[in-house]
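S.K.: Each protein sequence line maps, in turn, to chains E and R. So in my numbering, the last one in the first sequence is 333, and the numbering has no gaps at all. So in my numbering, the last one in the second sequence is 163, and the numbering has no gaps at all.
If you are wondering where the hints come from, they were derived from the structure by calculation, not from laboratory data. It is possible that part of the hints are untrue.
Derived DSSO-like pairs (lysine-lysine); straight-line CA-CA distance at most 27 Å [as the list claims (entries may be wrong)]:
1) R/44 - R/60
2) E/202 - E/261
3) E/247 - E/202
4) R/113 - E/64
5) R/53 - E/68
6) R/122 - E/68
7) E/202 - R/37
8) E/235 - E/115
9) R/113 - E/202
10) E/126 - R/53
11) R/60 - R/37
12) E/331 - E/317
13) R/44 - E/202
14) E/247 - E/331
15) R/122 - E/64
16) E/68 - E/261
17) E/324 - E/235
18) R/60 - E/64
19) E/202 - E/235
20) R/122 - E/247
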Amino acid sequence: MNTYLSPLSRAAGIAGCSLVALSVTAPLANTAHATGVLAGTLIENTATATYQSGSTTGSVTSNKVTVKVDELLDVAVATLSTAPATATSEPAVLIYSVTNSGNGPEAFNLAADPKTSGNGFDGTIKSVVLDSNSNGVYDPGVDTVLTAGALATPVLAPDKSTKVFVLVDLPAGATDAQTSQVRLTATAQTGSGTPGTSFSGKGEGGGDAVVGLTTASANSLAALIASLANISLSKSATILDPFGTAKPVPGAIVTYSLAAKITGSGTLDGLHVIDTIPDGTTYVPGSLKLDSAALTDGVDGDAGVGGASGIDVTLGKITGGTTKTVAFSVKIN
Amino acid sequence: MKLSFLIKSLAGAATMVAMAGPALAAAQSAPSPVTLKGDVMLEKIVTENGVSKTQLVEPKVVIPGDHLLFTTRYHNDGAQAVTNFVVTNPLPSAVALASESAPGTEVSIDGGKTWGQLGSLKVTGTDGASRSATAADVTHVRWTIPTIAPGASGEVQYHGIVR
C-alpha cells in the first residue's frame, strides 16, 4: 500500500503531436448507465506497443488485467402525491415510487410508519400495495396487496422503479381537516448500512455487494388529510292561535322547524330527518316542507312522508357547509 | 470424376498453405526484445488526522465511481536499444479517462483512428453541434517513448474512473 504522489511523472516523455483539431461524430457506444456500469461487468485492460529495434519493427502485447465491477446497493424513494391524500370513511391512498439506483438487480423491503412528529393523528396502515399494472392509480382487486411480514418490492433492474400505494385508515379520534404524514422506507434486501459496507459474495455475478451513498435505505413522507363531516339538528316552533296571537290553545297551529346543519369538509350519506307528532296534537296534512318547498304526505317520488305516525324526510348525501330545513305543522287538539 | 479432381486440387493447395505457415510464423515470433506487463490498482482516498491522501490498494471490490490506476511496465531485455516505442491502450468500455490523466497525454476519441491532445479534439453531437471533447469521450490513450536502452525499463500509467 504505497502512497501515490504523482504517477504520471514516471511516465516517459510524450512525442510531439500535432495540435490539429480533429472532429468526429461521437457519442460512443458505452455501457455507461445512469447508475454506473452494471454489476458483474468485467473491466479488461490490455496495452500494445510497437517499436523499432535496429532495422526491424516489432509489436508486443501486455497481459490482460481484469477487474470485475461489484454491485452497488442504492435506493431512492419519492412521494408522488403532490397534495395530501383525502381520508374519509375510505382509506387515504398515498403514492410513492421506489427506484433501484444501484447497478445490480435488487429487491427492497418496505416499511410504512404512520407515526411522525407533528401529526394531527397517527393513521392506521391498512395495506401496502404494488402498482402491478404500472398505471400509477390504485386499482382495488387488480394491484397486488402485499402480505404483512413480506412487504417488499419485486426485484428491480438497475434504474428501474416501482410505484407503491400505502392505504391509510383514519383512527377513531381524528377530526376534520387534521393532517398526518406516513413515512415509507425501502431498504435493499442484500443489506444496508454505512456507505462502503461490503457484503462478500452477495453481489450480482458472484462479486461483492457494496453499500452506496444512499446507505441502501431511503424514505419519503406523504401526507393525508382527514375529511369528515358532522351534523347538528336544532328544533324550533312557532304558534299561531285562532285569534291571530301565539297562545298554545286548542285549535292553535304549531309549526315545527328542524334545521340540519352539516359542517366539515366531508360528506354525510343516508341522512334522514325524523320526528314524531306530539301527544295532544294532530298532524296538519300537506304541511311538510323541505327548504320551504312543499312535500306530499304519501310514500311517493318526493323525499318526504308525513302523517299521524310522524314525519320522515330523506336528505341523502349532503356535503359539509350545507343546512337543510324541514318544517311541518300540528294542530293542538 | 471432374468434381473429385477439383476437390483433390483444392486439398493440395490447402496443404501448401499449411506448410508455408510455420515458416512465416517463425519469422514473426523472433522473441520480442521488449516485455509489457499490465497492472491495475484501486485508488482509495484515506483520511488520517484530517489529511486526505490516496492509497493504492488491490482492486478487490470495485464499484462505479471508483478510481483505478492502470500501469503498463516495459522492459528491454534485448542487447540493443529499442526506438520509437509506442504503447497504445484502448480504454475498457466501462472505464472513463480521469481528467487528471488528460493533460499531456495523447488520446483518441474515435477508436484510435485519430490522435491529439484532448483540448484540441472536437465531438459532433447527434444534434450536429460541435463541442470540445472531454475525458469521458476518450477511447484510447498512447505514449511514445523515443528510446529504451538495453536493460532499461519504465512504466506508463493512466487514471480511469469506473463509469
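S.K.: If you check each hint against the structure, which ones fail?
M.R.: Hints 2, 3, 6, 7, 8, 9, 10, 12, 15, 16, 19 and 20 are the ones this structure does not satisfy, whereas the remaining hints hold.
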